[in-house]
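Okay, here's what each chain looks like letter by letter:
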Amino acid sequence: MGNPLLAFWKNIFEHDDADRRIRRATFRVAAHSAAQASATVFLILRRMRVPLIVLIVIFSVSVLGLTVIPGQDAEGNPLRMGFFDAFYVMSYTATTIGFGEIPYPFTYNQRMWVTISIYLTVIGWAYAIGSLLALLQDRAFRSALALQHFSRKVSRLREPFLLIAGYGRTGELLGHSFDALGRRFVVLDRNSERIDGLELDSYHADVPGLAADARDPGHLAVAGLGHSSCEAVVALTDDEEANLAIVMAAALLRPDLPVIARVTSRAIAERMQAFGSPATVNPFDRFGDHLRLALRAPASYQLMTWLESGPGAALPDRGSPPRSGRWIVCGYGRLGRELTKDLRAEGLEVTVIESHTTDVENADLLVGDGSDPWVLAQADLDRAVGLVAGTDNDTTNLSLVAAARRSNPGLFLAARQNHAASAPLFTAMEVDALLVPTEMVAHEVYAQLSTPLLWRFLREMPAMGDEWAAAIVDRLKGLCGAHLQTLWKVRLTPQEAPALGSWLASGEARLGRILRNPEDREEPLHAIVLLVLRGHEAMLAPDDDDFVLEAGDELLLAGWAAARRALDTILLVDGVLEYVVTGRRVPSSWIWRKLSPAVKSGALSDAPGPGRA
Amino acid sequence: MNLEKVVFGFFVVLAATLNFGFFIGDIDNPDLHNPYELFAAVVVNLIATVLKFGDRTQIGAVHLATSLVADLQLIGATLMFGYATYVSTAGMTDAWTASVVSLSGGALLANIVSVVLLVVETVSFHRG
Numbered sequence: 001m002g003n004p005l006l007a008f009w010k011n012i013f014e015h016d017d018a019d020r021r022i023r024r025a026t027f028r029v030a031a032h033s034a035a036q037a038s039a040t041v042f043l044i045l046r047r048m049r050v051p052l053i054v055l056i057v058i059f060s061v062s063v064l065g066l067t068v069i070p071g072q073d074a075e076g077n078p079l080r081m082g083f084f085d086a087f088y089v090m091s092y093t094a095t096t097i098g099f100g101e102i103p104y105p106f107t108y109n110q111r112m113w114v115t116i117s118i119y120l121t122v123i124g125w126a127y128a129i130g131s132l133l134a135l136l137q138d139r140a141f142r143s144a145l146a147l148q149h150f151s152r153k154v155s156r157l158r159e160p161f162l163l164i165a166g167y168g169r170t171g172e173l174l175g176h177s178f179d180a181l182g183r184r185f186v187v188l189d190r191n192s193e194r195i196d197g198l199e200l201d202s203y204h205a206d207v208p209g210l211a212a213d214a215r216d217p218g219h220l221a222v223a224g225l226g227h228s229s230c231e232a233v234v235a236l237t238d239d240e241e242a243n244l245a246i247v248m249a250a251a252l253l254r255p256d257l258p259v260i261a262r263v264t265s266r267a268i269a270e271r272m273q274a275f276g277s278p279a280t281v282n283p284f285d286r287f288g289d290h291l292r293l294a295l296r297a298p299a300s301y302q303l304m305t306w307l308e309s310g311p312g313a314a315l316p317d318r319g320s321p322p323r324s325g326r327w328i329v330c331g332y333g334r335l336g337r338e339l340t341k342d343l344r345a346e347g348l349e350v351t352v353i354e355s356h357t358t359d360v361e362n363a364d365l366l367v368g369d370g371s372d373p374w375v376l377a378q379a380d381l382d383r384a385v386g387l388v389a390g391t392d393n394d395t396t397n398l399s400l401v402a403a404a405r406r407s408n409p410g411l412f413l414a415a416r417q418n419h420a421a422s423a424p425l426f427t428a429m430e431v432d433a434l435l436v437p438t439e440m441v442a443h444e445v446y447a448q449l450s451t452p453l454l455w456r457f458l459r460e461m462p463a464m465g466d467e468w469a470a471a472i473v474d475r476l477k478g479l480c481g482a483h484l485q486t487l488w489k490v491r492l493t494p495q496e497a498p499a500l501g502s503w504l505a506s507g508e509a510r511l512g513r514i515l516r517n518p519e520d521r522e523e524p525l526h527a528i529v530l531l532v533l534r535g536h537e538a539m540l541a542p543d544d545d546d547f548v549l550e551a552g553d554e555l556l557l558a559g560w561a562a563a564r565r566a567l568d569t570i571l572l573v574d575g576v577l578e579y580v581v582t583g584r585r586v587p588s589s590w591i592w593r594k595l596s597p598a599v600k601s602g603a604l605s606d607a608p609g610p611g612r613a
Numbered sequence: 614m615n616l617e618k619v620v621f622g623f624f625v626v627l628a629a630t631l632n633f634g635f636f637i638g639d640i641d642n643p644d645l646h647n648p649y650e651l652f653a654a655v656v657v658n659l660i661a662t663v664l665k666f667g668d669r670t671q672i673g674a675v676h677l678a679t680s681l682v683a684d685l686q687l688i689g690a691t692l693m694f695g696y697a698t699y700v701s702t703a704g705m706t707d708a709w710t711a712s713v714v715s716l717s718g719g720a721l722l723a724n725i726v727s728v729v730l731l732v733v734e735t736v737s738f739h740r741g
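Those protein sequence lines, which keep their order, are chains L and Z.
1 is the number of the first residue of the first sequence in this note's numbering; add one for each residue after it.
614 is the number of the first residue of the second sequence in this note's numbering; add one for each residue after it.
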């Protein structure tokens, strides 16, 4: 959301050297694109030359004719029209307004000339206006205007923003999650329909969008790659080469920016790693990892998917995939390969069904169309425990799932959904694990960019074990209900938590003491601490009563928005902290504090705190 | 020979010569300044301005600027002329004539700059 105060602050005070260096680095590419835009405007001016000259000539000839042709006044005396009269008459005649014969009725000579000039001038105007309208409809002209409009909007952004290159389904999901967090982003997509669709999407903030090829570094620069407020670049196009080009441009022009790219092949991912160290998200690889996690620790998997889905997400069901037995993987494409490898790594037996003969390493391959009942029968479904419908065709996947369920209702079913349009069908099918590559990528990118602490939490969480994760899920469920509330970060620095200074220094700053309701300290705050980051060390879900906070800690909290506001008050206002920790109401104004000498500053850490409610 | 260049040069020079023709003569004698000549100067100047549209070079920009100045001055002169003839009860007095002619003199200066630019452009082209 646009915050004018923040923008003002940044405008006035934050013009440092780094800004200038960044600008210089990308100036050239941006200038190239800007020159392209102005070239079109010059072209339009050139094209208007002929219509304008035709109009001027017709007009001047008609006016000149009127002044030269003899007329007469009301009494019949010979009179020639002056230039002003002639110009006036021609102006209203040419524009078809027609006030009549002014100042005196015309002679036949004059009327003949006016008749000729009427036809001439109407043609002249029609030509000029027609050319102008044709130019306004001109594709090149419109795109030049759009480019100018877009670059003006981007350069006026003063808040941190995200550059999303490729606004497909994934970009849209990511955009909505970020918009819900109140963060800004800029969109670049080759498809102009997607960009037009931006206006129909209900975003809170204005989202600048440009229909242009993101492979061109000039377009990236116009979209804010060189902007000092750009905080990250996300390459989400459906073209691997294009994503690689975006990663290259970002790494070479702005080496300091974090880059996240979507990839589906390992070769491209490795080529990307040559440019800095961009984070790559491979939906098939991640699905394999998730399935492994789900096999090993269902609760950890449940917690991970819940937190990754963002605020407002419903608690996903805890699946229980079979941990031993034989799996059937239909479709040996990118997904099939990853899954087969991951399942084998878990010590499971895998049968692959694929319509083309491919070289499957040390496996049990069945060549044939998976949706063919005969082929499925060959795969011996009755003795399998799980089936993955992983082809790139939604109809095939759905029919595979239906056929498998009919012959063995106890099967664990995993399916891949390729198109957003098939979502209701897959929902109705109620498969046990569903891979939607676009959503997978959007969730991953969201987890990495929304708060770095959340990403850290998700990476370290599986190591804590399944029971621990189940406990956290229960606590979160007790706190938030079935829908995830907000996740936020608090930094215990003098800037962000000025009230905590002396209390933190006392060494007695137990976490449970400040997580109380500032109105009534007997009630706990509806929030839990998921992670505390101290230096490089991360502590996951520390125990409220024992954990001692230190200055500089970063906290990741989950809970209600009201709890977030309450905690902010506690961190900012001295009196509220005093009440929450000691139970004493402290006057908040300076005069009352002077008048009540009973309260001493040292009282904070000595007073006995309340037990946990 | 480039026809576009011929047309361009023709209009730039014609604008200057017509302007000069109107300007020359006693500054306060209305008989020596023909209104048709002023009209022609305005029209030709407008055409010259439109011909200069859409040139991206530095010299093209200065060309356009001088033409716009000349247009402004000449249109000012015609407005004063019209006011003196149609609105003012005194008619075309010495003072009004002098104002009209001096405005067109300013336009003449701009037109001369324009011609000089044309010559400079041509000469530098031959050297290059």
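FYI, nobody ran anything at the bench for these hints, they're computed from the structure.
Bear in mind that the values here come from a model prediction, so they are computed numbers and not experimental data.
The C-beta atom is built at its ideal place from N, Cα and C for all residues, glycine as well.
Any given hint might turn out to be false.
[Claimed, not checked] One side of the interface only, derived from the structure: several residues of chain L facing chain Z at Cβ under 8 Å:
hint: 1; residue: S60
hint: 2; residue: L79
hint: 3; residue: G82
hint: 4; residue: F83
[Said to hold, decoys possible] Residues on chain L that point at chain Z, a partial pick, calculated with CB under 10 Å:
hint: 5; residue: L43
hint: 6; residue: I44
hint: 7; residue: I69
hint: 8; residue: D85
hint: 9; residue: R326
hint: 10; residue: L365
hint: 11; residue: L398
hint: 12; residue: L411
hint: 13; residue: F412
[Unchecked claim] Pair ranges (Cβ atoms, derived):
hint: 14; chain 1: Z; residue 1: L685; chain 2: L; residue 2: L79; range: 30 to 40 Å
hint: 15; chain 1: L; residue 1: F42; chain 2: Z; residue 2: D641; range: 38 to 48 Å
hint: 16; chain 1: L; residue 1: D196; chain 2: Z; residue 2: I725; range: 49 to 59 Å
hint: 17; chain 1: L; residue 1: F42; chain 2: Z; residue 2: I725; range: 23 to 33 Å
hint: 18; chain 1: Z; residue 1: Y699; chain 2: L; residue 2: E75; range: 17 to 27 Å
Here is what the structure says about each hint:
Interface restraint check: L:S60 against chain Z, minimum CB-CB distance 4 Å, threshold 8 Å, status holds. Given the 8 Å rule on beta carbons, the hint for L:L79 is violated: about 14 Å separates it from the nearest Cβ of chain Z. For L:G82, the suggested interface contact is upheld, since its CB lies about 6 Å from the closest CB of chain Z, less than 8 Å. Given the 8 Å rule on beta carbons, the hint for L:F83 holds: about 6 Å separates it from the nearest Cβ of chain Z.
Hint status for L:L43: holds, given a least beta-carbon distance of 7 Å to chain Z, under 10 Å. Proximity of L:I44 to chain Z holds as hinted, the smallest CB-CB distance being about 8 Å (cut-off 10 Å). Taking 10 Å as the C-beta contact cut-off toward chain Z, the hint placing L:I69 at the interface is violated, the least distance being around 14 Å. The closest approach between the C-beta of L:D85 and any C-beta of chain Z is roughly 8 Å, which is under the 10 Å cut-off, so the hint is satisfied.
The restraint placing L:R326 at the interface with chain Z is violated, with a minimum CB-CB distance near 72 Å, outside the 10 Å limit. The beta carbon of L:L365 is not positioned within 10 Å of any beta carbon in chain Z (closest approach about 65 Å), and the interface hint is therefore violated. Against a cut-off of 10 Å between C-beta atoms, the interface hint on L:L398 is violated, since the closest Cβ of chain Z lies about 59 Å away. Look at L:L411: its Cβ only gets to about 69 Å from chain Z, farther than 10 Å, so that hint breaks.
With a cut of 10 Å, the hint placing L:F412 at the interface with chain Z is violated, because the nearest CB-to-CB distance is about 67 Å. Between Z:L685 and L:L79 the beta carbon distance is about 32 Å. The supplied range of 30 to 40 Å therefore holds. As the Cβ distance of L:F42 to Z:D641 is approximately 44 Å, the hint placing it in 38 to 48 Å holds. Range check, L:D196 to Z:I725: about 52 Å between beta-carbon atoms, so the 49 to 59 Å window is met.
Roughly 27 Å separates the CB atoms of L:F42 and Z:I725, a value that falls within the hinted 23 to 33 Å. For the pair Z:Y699 and L:E75, the supplied restraint of 17 to 27 Å holds, since their beta-carbon distance comes to about 20 Å.
When each numbered hint is compared with the structure, violations occur for hints 2, 7, 9, 10, 11, 12 and 13.
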